[in-house]
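Top line first, the protein sequences correspond to chains D and B. Per this note's numbering: the first sequence = residues 1 to 194. Per this note's numbering: the second sequence = residues 1 to 194.
It is possible that some hints are incorrect.
One copy or two, it doesn't matter: identical chains are merged, so the pair holds either way.
Here are the simulated lysine to aspartate or glutamate pairs, DMTMM-like style, with alpha carbons at most 20 angstroms apart [claimed, not checked]:
{"#": "1", "residue 1": "LYS107", "residue 2": "GLU91"}
{"#": "2", "residue 1": "LYS84", "residue 2": "ASP42"}
{"#": "3", "residue 1": "LYS190", "residue 2": "ASP130"}
{"#": "4", "residue 1": "LYS84", "residue 2": "ASP130"}
{"#": "5", "residue 1": "LYS189", "residue 2": "ASP130"}
{"#": "6", "residue 1": "LYS107", "residue 2": "ASP97"}
{"#": "7", "residue 1": "LYS189", "residue 2": "GLU80"}
{"#": "8", "residue 1": "LYS14", "residue 2": "GLU145"}
Please keep in mind that the hints were generated in silico from the structure rather than gathered at the bench.
There are 2 protein chains.
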Amino acid sequence: MKLVVATNNPHKVKEIAAILRGQNYEILSLKDFSNAPVVAEDGDTFEENAAKKATTIARYTRLLTLADDSGLEVDALNGEPGVKSARFAGENATDEDRNRKLLNLLKDVPETKRSARFKCAMALSNPQGDTDVVLGVCEGIIAFEPKGDTGFGYDPIFIVPRYRKTFAELGPAIKNRISHRAIALQKIKKLLQY
Amino acid sequence: MKLVVATNNPHKVKEIAAILRGQNYEILSLKDFSNAPVVAEDGDTFEENAAKKATTIARYTRLLTLADDSGLEVDALNGEPGVKSARFAGENATDEDRNRKLLNLLKDVPETKRSARFKCAMALSNPQGDTDVVLGVCEGIIAFEPKGDTGFGYDPIFIVPRYRKTFAELGPAIKNRISHRAIALQKIKKLLQY
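Bound conformation, chain D alone (with noise of 0.2 angstroms):
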């Protein structure tokens, strides 16, 4: 059954072929659907942005459409950059450019005071529209300085406490097991049963 995976992020679709390897899904992505049309990630949340993904997707390319919005929120900036996570640092920054802006407002934030958590929502959409979401959360601690050369986006910065390393130290392995995207997506694993 062919199931639409709703980004152009080679990264997350990665991620998630990876862990619903085994579940018969050709997964396809929005590079074959080159005239999709662009959603506005523009909700107070996850969900919300997710959901408005995959609705949009499913019901423009008359497939069962997964659409995932993630991000950081951290304790103490009042959770932010949250939903806003991908434009942290302006539209054409890089993700060094987001992780030095992070660590720089935190620079005189004591390490007690650092936790932070990555969100992940994720929308499965039918064409009819029928929609369910569920999130994955993953706790842990804003790092003093970016560690490790996997993953992408915040990965370098933010510590599991179980493994004291960042995300991108520990490597897809272990992070495609206790990740919020891996959380979120083994939610809809149980779900795709229905």
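With chain D held as given, fit chain B onto it using these hints.
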């Protein structure tokens, strides 16, 4: 563990408690929180209304909360009554008033065009506002006259094709296995593992 079912409708609490029996939850309802905020069900979709109710009540009660929003979509009425199912014949109307109004609107519609579906969105929120939303759908046909005396709402005029009987004729044992609410709740049961 305590689980608040965010409804005042005793029929819904009973159905939900029956399906979650054996899951070791102490089920509370809004009757146990007499000052809980009233949440306006003014969203465009069942999912939106369920999520809004669950997050509001979870924050208020500081407990894991399950909320549902459900209704009937009739194809010959372009999906109406939909999210307005409970108010379809005005605020103070009875189930009988709503069923009579619906049958009247469909009085010249032949059986082949009386397709409809019950939908139930269920949202599960924790006190931090993290929310999963799932949808259960049950396809059917609108009857020409009410039949059966179990259940509530539109049950007497909703025929399940596989049984050739209305929900109100089928009774709770079968309804709690195949209904929109049962399907949504089975999904929720899976998500409660996380």
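Structure-based check of all given hints:
For a Cα distance limit of 20 angstroms, the shortest separation of LYS107 from GLU91 qualifies neither inside one copy, at 24 angstroms, nor across copies, at 56 angstroms. Proximity of LYS84 to ASP42 under the C-alpha cut-off of 20 angstroms is restricted to the intra-copy arrangement: shortest distance 9 angstroms within a copy versus 27 angstroms between copies. In this assembly of identical chains, LYS190 and ASP130 lie within 20 angstroms of each other by CA distance both inside one copy and across copies; the values are 16 angstroms within and 18 angstroms between. Taking identical chains as interchangeable, the C-alpha atoms of LYS84 and ASP130 lie at most 20 angstroms apart only when they sit on different chains, with a minimum of 17 angstroms there against 26 angstroms within one chain.
In the homo-oligomer, the alpha carbons of LYS189 and ASP130 lie at most 20 angstroms apart both inside one protomer (17 angstroms) and across protomers (19 angstroms), since each shortest distance falls under that limit. When the C-alpha separation of LYS107 and ASP97 is checked against a cutoff of 20 angstroms, the pair qualifies only within one copy, where the shortest distance is 15 angstroms, while the shortest distance between copies is 65 angstroms. Taking the shortest alpha-carbon separations for LYS189 and GLU80, neither the intra-copy value of 29 angstroms nor the inter-copy value of 32 angstroms comes in at or below 20 angstroms. In this homomeric assembly, LYS14 and GLU145 never come within 20 angstroms of each other (Cα to Cα): the closest approach is 27 angstroms inside a single copy and 53 angstroms across copies.
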